[in-house]
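S.K.: Sequence:
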Amino acid sequence: MRVFGELETVVMAQLWSTDGQGTVREVFDQLRADREIAYTTVLSTMENLYRKGHLRREREGKAFRYRTTLSHAEHLAGLMREALSDGEEDTNAVLMHFVEEMSPDELAGLQDVIRRRGSRATKR
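With UniProt numbering, letter number 59 in the sequence shown gets 59, and the count goes up by one each step, no holes.
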């Protein structure tokens, strides 16, 4: 898993904001409201994301409808997993620094996830 380039990030964010799917025209129409961008730029970016495996596509009339292969949360979790396993020997230290930077609400959310994960593991 890799971090997206700037335009790839913008396109993926637009797709994730619309249930993870859209045609080139739909994405282009949304993006051009906020920035000057060419249709062909959006097309080539989405084709590149498709070739890299970040998007699937299916024919819809004369166009393709693209769908993200991962949800935004799944993508971010993969980046976090990759960052934790980048060869650093002490992942506990990395996690400790990460947790120390969390807000109280984020920490409560993490504790809830850990609690649910623990109860799910004991049921197996």
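These are computed hints drawn from the structure, not numbers from a lab.
Owing to the predicted nature of the structure, the values given are computational and were not obtained by experimental measurement.
Careful, some of the hints might be misleading.
[Claimed, not checked] Pair ranges (Cβ atoms, derived): (1) Val3 - Glu58: 34 to 42 angstroms; (2) Glu36 - Glu100: 17 to 25 angstroms; (3) His72 - Phe98: 15 to 23 angstroms; (4) Val94 - Asp29: 22 to 30 angstroms; (5) Asp90 - Glu36: 43 to 51 angstroms; (6) Tyr39 - Gly118: 27 to 35 angstroms; (7) Glu60 - Val99: 38 to 46 angstroms; (8) Thr91 - Gly61: 44 to 52 angstroms.
Using N, Cα and C, we set each Cβ at its ideal position, and we do this for glycine too.
S.K.: So, for every hint listed, does it hold in this structure?
M.R.: Hint-by-hint comparison with the structure:
| no. | hint | in the structure |
| --- | --- | --- |
| 1 | Val3 - Glu58: 34 to 42 angstroms | violated, 27 angstroms |
| 2 | Glu36 - Glu100: 17 to 25 angstroms | violated, 41 angstroms |
| 3 | His72 - Phe98: 15 to 23 angstroms | holds, 19 angstroms |
| 4 | Val94 - Asp29: 22 to 30 angstroms | violated, 41 angstroms |
| 5 | Asp90 - Glu36: 43 to 51 angstroms | holds, 46 angstroms |
| 6 | Tyr39 - Gly118: 27 to 35 angstroms | violated, 50 angstroms |
| 7 | Glu60 - Val99: 38 to 46 angstroms | holds, 44 angstroms |
| 8 | Thr91 - Gly61: 44 to 52 angstroms | holds, 48 angstroms |
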